[in-house]
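Trainee: As given, the protein sequences belong to chains A and B, one line each in that order. Residue numbers for the first sequence follow our numbering, beginning at 1 and rising by one. Residue numbers for the second sequence follow our numbering, beginning at 1 and rising by one.
Chain B is nowhere near these chain A residues, computed Cβ spacing over 10 angstroms in every case:
id : residue
1  : T5
2  : I6
3  : V39
4  : T42
5  : E47
6  : V49
7  : I54
8  : D55
9  : T57
10 : L65
11 : V72
12 : L79
Across the chosen pairs, the derived CB separations fall in these ranges:
id : chain 1 : residue 1 : chain 2 : residue 2 : range
13 : B       : N48       : A       : D55       : 23 to 29 angstroms
14 : A       : T60       : B       : V112      : 28 to 34 angstroms
15 : A       : N4        : B       : V144      : 29 to 35 angstroms
16 : B       : V140      : A       : V9        : 30 to 36 angstroms
17 : B       : P167      : A       : V9        : 34 to 40 angstroms
18 : B       : G64       : A       : I6        : 53 to 59 angstroms
19 : B       : L45       : A       : D55       : 21 to 27 angstroms
20 : B       : A57       : A       : G33       : 22 to 28 angstroms
21 : A       : A50       : B       : R164      : 48 to 54 angstroms
These aren't lab readings, by the way, just hints derived from the structure by calculation. Computed from a predicted structure; not experimentally measured. From the three backbone atoms N, C-alpha and C, an ideal C-beta is built for every residue, glycine too.
Spelled out from the first residue to the last, the chains are:
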Amino acid sequence: MEYNTIDRVLLGASSGLVLFSVVVLGVLEILAGKPYSPVEITNEAGEVVATPAIDPTIRTGLVLLGLAVLLVWFGYRALVPADAGTSESIHSREQTAD
Amino acid sequence: MSYQATNPLSNEFELELSRPLTAYWLPTLRVVVGWWFFHAGITKLIENGLSFTGGPAYLKGMTGTALGPIPVWMGNNLAWLIEPGVPLGETLIGLGLMVGALVRLAAFFGAVFMTLFWVGNAGFGNGIVTGDFLGLLLFVTMIVLATGRYFGLDALIERTEFVRNRPRLKYLLG
Numbered sequence: 001m002e003y004n005t006i007d008r009v010l011l012g013a014s015s016g017l018v019l020f021s022v023v024v025l026g027v028l029e030i031l032a033g034k035p036y037s038p039v040e041i042t043n044e045a046g047e048v049v050a051t052p053a054i055d056p057t058i059r060t061g062l063v064l065l066g067l068a069v070l071l072v073w074f075g076y077r078a079l080v081p082a083d084a085g086t087s088e089s090i091h092s093r094e095q096t097a098d
Numbered sequence: 001m002s003y004q005a006t007n008p009l010s011n012e013f014e015l016e017l018s019r020p021l022t023a024y025w026l027p028t029l030r031v032v033v034g035w036w037f038f039h040a041g042i043t044k045l046i047e048n049g050l051s052f053t054g055g056p057a058y059l060k061g062m063t064g065t066a067l068g069p070i071p072v073w074m075g076n077n078l079a080w081l082i083e084p085g086v087p088l089g090e091t092l093i094g095l096g097l098m099v100g101a102l103v104r105l106a107a108f109f110g111a112v113f114m115t116l117f118w119v120g121n122a123g124f125g126n127g128i129v130t131g132d133f134l135g136l137l138l139f140v141t142m143i144v145l146a147t148g149r150y151f152g153l154d155a156l157i158e159r160t161e162f163v164r165n166r167p168r169l170k171y172l173l174g
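For reference, chain A alone in the conformation it holds in the complex:
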């Protein structure tokens, strides 16, 4: 089965969102300085002395959005027959002598 444009867009978006949130924003967070992880740093009195450069709510939200897109793709594939909508299907073509 060859993937059509919808397949590629959905799967690419899913992977892209997950990797953007985890890796790209992770790199930015490290480059922004402490804290290097998405948690607040507090002093002994419990006062917050440093906050994450990127709100972890945004990062986790993007990951969940990426996984939701993957779920949408599964739904799309479940509803649309594998060979529908693609003219470049190479799915088990029978070879005969005549």
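Let chain A serve as the given structure and place chain B on it in line with the hints.
Mentor: For chain B alone, coordinates are given in the frame of chain A:
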């Protein structure tokens, strides 16, 4: 159409390793696992340089585990190697996985790290299958499925004349 007892989903979502879905998912998983270790290593390097004293101390505390006296011995005698080795190792393992180079070798060392964390942390309050154990299995999965061949440098490296003349290198690549 043939019936495949080993892969009952192959005609539904095309989960075979040679199919496009796998080519999207496996590299995604590999890069995320790589980032996990890269982040752990690079932040240790930033904060402590090559003197991660927490490593030997952690190993010395691993008494009465399934690994017997090995971790404690390592903590007592290999501190010179462990202090720089933990941050450097985690960083390089992560880099290898993210770019997909020497993935099987990197994942092997990642599995070694995770074995020590799984056994050493012993957070078995909710059963023996912990997050550390699942991390260990992720590294094993990287090895088993040769994930470096999906959008990874290993796919290119394995095509070089050097590797083709030395096929056993594929046990370190892939």
